[in-house]
Amino acid sequence: MNRRHPGLNLGEAHDSANDDAEKEVFGFWVFMMSDAILFGLLFATYVVLQGNLNGGPGPAELFEMPSVLIQTVLLLTSSLTAGLAQLAMKHELGTRRIVLWLLISLGLGLAFLTMEMRDFLTMTSKGGVPQASGFLSAFFALVPLHGLHVAATCLWLLALLGQIARYGTDDATKTAMLRLGILWHFLDVVWIGIFTIVYVGGLA
Amino acid sequence: MNRRQERRSYIVGYVLALALTLPVFALLAFDLLPRRQILWIAGVAAAVQIAVHFRFFLHIRLKGQTREDLQLILFTTLLLILMGGGTIWIMTNLAHRM
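Chains as they are written, first to last, in this note's numbering: chain A, 1 to 204; chain B, 1001 to 1098.
Next up, chain A with everything else stripped away, as it sits in the complex (with noise of 0.2 Å):
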């Protein structure tokens, strides 16, 4: 198979829109890398901080680890789904069905953020706030932002949605789907990145 950039390739089938795919697809994983960069120096801030706790609640009374289980198949769900809206597009299988499939991405993601926002009040209740010690800090720094790139990617999926229901599925929206597809799984890995280092590596 002929693979003309990284990531899901959409075929002969769609011709002009590998063009602009070419180019927007590269540009965009020059942009992911240069954010998974950003997310690994937070990693490694927190692996520096973590037992610095400066008298305040640690990671076993602030953990949910059932909360933290139910976003991650949220998460790795919503990857799925995603997957799938997108070989309906490179398959043609009718917008209705695309459509459908990143809506439920989009509810998984929704539900996602409000899991996390639930658990970051719960530990804000118990004096886990940022401020409290070096280990919240870096919590805070690297936990929320992941958060807010899934909040983020969720605009965009909106936004998305509007641009298939006003011109539907053009190049434009072939290659941005393309893109949002690299960003979502992206956030995927970085998840794994935050279950592992984060919560099992602060309950070990």
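Hint data in this document are derived by calculation from the structure and do not stem from the laboratory.
Glycine is no exception: its CB is placed at the ideal position from the N, C-alpha and C atoms.
It cannot be assumed that every hint is accurate.
[Unchecked claim] Quick list of the computed label-pair ranges, beta carbon to beta carbon:
1) B:1074 - A:148: 25 to 33 Å
2) A:97 - B:1037: 55 to 63 Å
3) B:1047 - A:53: 26 to 34 Å
4) A:20 - B:1096: 50 to 58 Å
5) A:66 - B:1003: 32 to 40 Å
6) A:93 - B:1077: 31 to 39 Å
7) A:92 - B:1033: 46 to 54 Å
Assemble chain B onto chain A, guided by the hints.
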């Protein structure tokens, strides 16, 4: 790849991702191992899972890739190892000396 194979590839990726995640939570929830060992297992599972996500969801492969794409990803990985690993190394070393 035809449509069915492509869809199966996403589902395989999803099942693998769950299979690499859920056992770690089970180990923690039931306290089956010392926490340090669980962290090591979680670390290895996370590395494999990241590879799974790149392979099945982001469609990155070692072969058939335009060269600069792979170089971009590998260079980013190198930067992450240098900067992240370097930070942790220097700061823990400093903490020991304090």
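Checking against the hints above, which ones are violated?
-> 2
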